[in-house]
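Line by line, the protein sequences are chains A and B.
The numbering used here puts the first residue of the first sequence at 3, with every later residue one more than the last.
The numbering used here puts the first residue of the second sequence at 2, with every later residue one more than the last.
No lab work stands behind these hints: they were computed from the structure.
These figures come from a predicted structure and were not determined experimentally.
Just so it is clear, CB atoms sit at the ideal spot from N, CA and C, and this is done for glycine as well.
Mixed in with the good hints there might be a few duds.
What the hints assert, rightly or not - Pairwise CB distance ranges, derived in the manner of DEER restraints: (1) B:Q130 with A:T96: 17 to 23 Å; (2) A:P115 with B:I96: 25 to 31 Å; (3) A:R20 with B:V140: 52 to 58 Å; (4) A:R20 with B:D46: 32 to 38 Å; (5) B:Q139 with A:N101: 34 to 40 Å; (6) A:R109 with B:D71: 40 to 46 Å; (7) B:V140 with A:E22: 55 to 61 Å; (8) A:Y99 with B:A143: 40 to 46 Å; (9) A:R146 with B:P35: 39 to 45 Å; (10) A:T54 with B:T104: 47 to 53 Å; (11) B:T104 with A:V72: 39 to 45 Å.
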Amino acid sequence: MFASMAYPGAFGDFERLRRELDDLFGLAGLPTSIRSAAPGAFPALNIGSTPTSVEVYAFAPGIDPNQIDVTIDRGVMTISGERPSARPNDDARTNVYANERFAGRFRRAISLPEDVDPSKVEATYRDGVLRVSVARRESALPKRITVK
Amino acid sequence: MSDTMVAERQENRQDAGRDESRAPAPQPRDREQPTMTPRVDVIEDATGITLLADLPGVSRDALEIHVEGDALTIEGQVSTVTPQAMEATYAEVRIPRYRRMFTLSRELDGSRIEAQLKDGVLRLRIPKQDHAQPRRVQVKVA
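Extracted from the complex, chain B is given alone in its bound form (with noise of 0.2 Å):
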């Protein structure tokens, strides 16, 4: 159950520069949806930052990730299937929904994210712009 996908980059700013006056700022959708807030590992090295977030219960189609600009927002709908007529005795989880929001430094590449979702990790690679990875210089000799 390994499905990689790369994420949808959307580029809107030329819309958000013209009409700012008249348009309403873009609202994040569902801000008042309550959300858990997924718990999450972030790993640096020399090309990239590896980002791991646990979110269980999250189907492939049921995962949303979106960067608009150096903003990373990563949403989950929980899909478990629960059998008919279940009566929920105790529950930890009871928001089906995840929801966290990141932001991306200059150096980093949104448009070239990875993503990869097995058993309800999601992992995602996100790499350093080419001229900021770290060269070696060479120094030569006169």
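Just chain A, with the same shape it has in the complex (with noise of 0.2 Å):
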């Protein structure tokens, strides 16, 4: 299982809580894309979109960029990796309190509108987030026409 798992434990009651909300609200019958994950996944993903290009924003902190693999298949963006753990090895004299960071390994999956060109594509770390620029087809992008 990758990150989408939901939280056991306590986390499990305000996942519960936000689903009842999201019942009482209404929130729960709009359509979501087939590849969503639970909030809360890691890395979280922000998506945005210029007139040349698709830019995919994965908040994934504390990794080492060559450890993250991204891949496009057939119009799907897949970013992948693992996370180290934290935790102190069992040394009886550590003592964890909270423990809320993402450890383990990640998966996730973003369909692309079909008119990118998935052999441009450019990826850069910073600061914990992973941007991966995606340029649209030339054929695709706006033009525009001189009128003679």
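Two chains, two frames, a set of hints: combine them into the complex.
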């Protein structure tokens, strides 16, 4: 199981509360993407589009950029990797009070629009945010047509 | 991209004690502004506490750590550079600001906190006061 796994224990109660609120306010009836994950999935994603590119921001702090895999296969971008645990080795003299940060393997998928060019991809990692920029096809770019 | 800095300690107890009747109670800044709560790990060992906080998108300049009395506040502004004319089509991170407060206990030394920010993870080291550190008591044989 990957990041979309629901939280056990106390967080499970919040998850149930969230679902009840969704039911109450009717949010549950809205259509969601077939690949959407539960809230709180790691890494959190923001997706934006510009006239020339599609920009994907993955909020994945504390990961070696070389350990992040970004693949595009048939219009689906997959971001995967592993985040090391911050927990100390089983030392009897340490106490862990909060353990909220995600650790382990993760994978998230994003379906890209049809007009992108998978050969023109740029990925940068800065301050714990992975930014993947996929260019749109030249033929899909808006063109100005001169009137003769 | 590793930056080390020492948290500022704000000593305003003197002011607080004098004019409590006239001066308004100090309000935490940006109370009304919505913020995200960063996820943290808190690990204690014999000499202090290590706090790890996920603050993706926060650069060193946009991070503020305050210790006022026994209150520790971590605040950070997400400064993700977005291209001009970008239209958000899907967003899980909607509020570009993190904020979380902690209450330090008495045996912790708020004046010697060390902070390190690397790849969006803040690592705070809060040492225990010297007198609070465990000591081995030698038992002398009479």
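query: Is 39 to 45 Å right for how far apart the beta carbons of A:R146 and B:P35 are?
result: Holds, at about 41 Å.
- prompt: Is it true that the C-beta distance of A:Y99 to B:A143 lies inside 40 to 46 Å, as the hint says?
  reply: 42 Å, holds
task: Take a look at whether the Cβ-Cβ distance between B:T104 and A:V72 falls inside 39 to 45 Å.
output: With Cβ atoms ~41 Å apart, the hint holds.
- request: Take the C-beta atom of A:R20 and the C-beta atom of B:D46, compute their distance, and say whether it sits inside 32 to 38 Å.
  value: At 35 Å between Cβs, range holds.
- request: Indicate whether the distance between the beta carbons of A:T54 and B:T104 respects the range 47 to 53 Å.
  value: Cβ of A:T54 to Cβ of B:T104: about 49 Å, so the range 47 to 53 Å holds.
task: For the range 40 to 46 Å, tell me whether the beta carbons of A:R109 and B:D71 fit it or not.
output: 41 Å, holds
- prompt: Do the Cβ positions of B:Q130 and A:T96 conform to the proposed distance bound of 17 to 23 Å?
  reply: Given a distance of about 19 Å, which is inside 17 to 23 Å, the answer is holds.
query: Given a hinted range of 55 to 61 Å, is it respected by the beta-carbon distance of B:V140 and A:E22?
result: 59 Å, holds
message: Does the beta carbon distance between A:R20 and B:V140 stay inside 52 to 58 Å, or does it fall outside?
response: 56 Å, holds
query: Cβ-Cβ distance between A:P115 and B:I96: within 25 to 31 Å?
result: Since the Cβ atoms of A:P115 and B:I96 sit about 26 Å apart, the hinted range of 25 to 31 Å holds.
query: Between B:Q139 and A:N101, does the C-beta distance stay in 34 to 40 Å?
result: The hinted range 34 to 40 Å holds for B:Q139 and A:N101, with Cβ atoms some 37 Å apart.
Checked against the numbered hints given earlier, the structure satisfies every one of them.
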